[in-house]
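Enquirer: Each chain, letter by letter, is given below.
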Amino acid sequence: MNKVKRMFRIFTISDYEREEKFLREQHKAGFKCVKYKFPGFYYFEECEPEDVIYQLDFNDIKKENKEEYFQLYQDEGWEYVYEVNGWNCFRKSVSLEETPAIFTDKESKIAQVDKVVKERMLPLLVIFLCCLLPNINYACFWLSEGGLERIFRICYCVIFWPLFLSYLWMFLHCGRNLQRLKKDYENGLK
Amino acid sequence: MTETGFYILFCLQEEMHGYNIIQKVKQMTGGEINIGAGTMYGSLSKMEKDGLIQFVREEEKRKLYKATELGKEILNIELKRIERLYKNSKGEMVDE
Numbered sequence: 001m002n003k004v005k006r007m008f009r010i011f012t013i014s015d016y017e018r019e020e021k022f023l024r025e026q027h028k029a030g031f032k033c034v035k036y037k038f039p040g041f042y043y044f045e046e047c048e049p050e051d052v053i054y055q056l057d058f059n060d061i062k063k064e065n066k067e068e069y070f071q072l073y074q075d076e077g078w079e080y081v082y083e084v085n086g087w088n089c090f091r092k093s094v095s096l097e098e099t100p101a102i103f104t105d106k107e108s109k110i111a112q113v114d115k116v117v118k119e120r121m122l123p124l125l126v127i128f129l130c131c132l133l134p135n136i137n138y139a140c141f142w143l144s145e146g147g148l149e150r151i152f153r154i155c156y157c158v159i160f161w162p163l164f165l166s167y168l169w170m171f172l173h174c175g176r177n178l179q180r181l182k183k184d185y186e187n188g189l190k
Numbered sequence: 001m002t003e004t005g006f007y008i009l010f011c012l013q014e015e016m017h018g019y020n021i022i023q024k025v026k027q028m029t030g031g032e033i034n035i036g037a038g039t040m041y042g043s044l045s046k047m048e049k050d051g052l053i054q055f056v057r058e059e060e061k062r063k064l065y066k067a068t069e070l071g072k073e074i075l076n077i078e079l080k081r082i083e084r085l086y087k088n089s090k091g092e093m094v095d096e
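Chains A and B supply the protein sequences, listed in that same order. Heads up, the final residue of the first sequence is numbered 190 in the working numbering, and it's a clean run with no missing numbers. Heads up, the final residue of the second sequence is numbered 96 in the working numbering, and it's a clean run with no missing numbers.
None of these hints come from the bench; they were simulated from the model. Quick reminder that beta carbons are idealized off the backbone N, C-alpha and C, glycines included. Please note that the accuracy of each hint is not assured.
To be verified - Only pairs whose alpha carbons sit at most 27 Å apart, straight line, appear in this in silico DSS-like list of lysine-lysine:
(1) A:Lys66 - B:Lys66
(2) A:Lys190 - B:Lys26
(3) B:Lys66 - A:Lys106
(4) A:Lys115 - A:Lys35
(5) B:Lys26 - A:Lys106
(6) B:Lys66 - A:Lys28
(7) A:Lys66 - B:Lys46
(8) B:Lys61 - B:Lys72
(9) B:Lys72 - A:Lys106
Unchecked claim - Selected chain A positions facing chain B (in silico; Cβ < 7 Å):
(10) Gln26
(11) Phe58
(12) Asp60
(13) Glu64
(14) Ile102
(15) Thr104
(16) Asp105
(17) Ser108
What the hints assert, rightly or not - Derived CB-CB ranges, DEER-like:
(18) A:Glu67 - B:Leu79: 30 to 38 Å
(19) B:Tyr86 - A:Leu172: 45 to 53 Å
(20) B:Glu48 - A:Glu79: 37 to 45 Å
(21) A:Asn85 - B:Phe55: 21 to 29 Å
(22) B:Leu70 - A:Met170: 23 to 31 Å
(23) A:Gln179 - B:Glu32: 25 to 33 Å
(24) A:Leu133 - B:Arg84: 49 to 57 Å
(25) B:Lys72 - A:Arg6: 47 to 55 Å
(26) B:Phe55 - A:Asn135: 22 to 30 Å
(27) B:Phe55 - A:Ser93: 56 to 64 Å
(28) B:Glu14 - A:Arg9: 40 to 48 Å
Construct the complete structure from the given sequences, taking the supplied hints into account.
Expert: Here it is, written out as structure tokens:
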């Protein structure tokens, strides 16, 4: 039985290129990814060190199209690694003839960024606004209250504000990164 | 039209599946153009949605597509454009 190791890493929806690089480096060091579990557990199995490209495709494939989708990747020599929350991970060895890539023109690279924004970031932003914004009022005016109500509201604030600010920071971070990624693709820098 | 889109539409004058197209384009262009699986899948889905190509039948989990009438029309416009570009680039004039 080969050695198995587990690593915890968080990559946001705008960090998929970093995630691909991380998996490639692990494989180069002799650990191939065998499983991923939400929110960030990567399982690796010891293997021969090799330069293998990992690629993430954000594509929530409908059930009836799954066979065709995976068949095409398989025909092209891609090995399926895992599928999580609409992200499909594939790998293929680097050879002398080619450095493999699933997206080979800038239009399809840009299309992936647009899809992540439209189908993942915006829905999450709407959920965020619907959940937190109605409570903002409650988390603002605790000074005017007295006694037990005041203590209760202070406790509430201690949870609410860090959560609110970290979500806000996360959206700004992802939005900026995705925009930068798109610009790089448009200018042919990546 | 993107280069990938052009080659796909050009190949789909005959019935073909995605992997066929990738191989044929590689062959036609002497290995210059290598369409990735993600690019191919996305292009086929989009072109089908836009009505340029249509699903014909399935063969061993691979879907075969063919250009629609609209697709052929668009391809012809594109071919004429490329022909003009080519002629002009060689210093030739194009007749009306």
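Enquirer: When the hints from earlier in the document are held up against this structure, which numbers fail?
Expert: 6, 10, 11, 12, 13, 20, 22, 26 and 27
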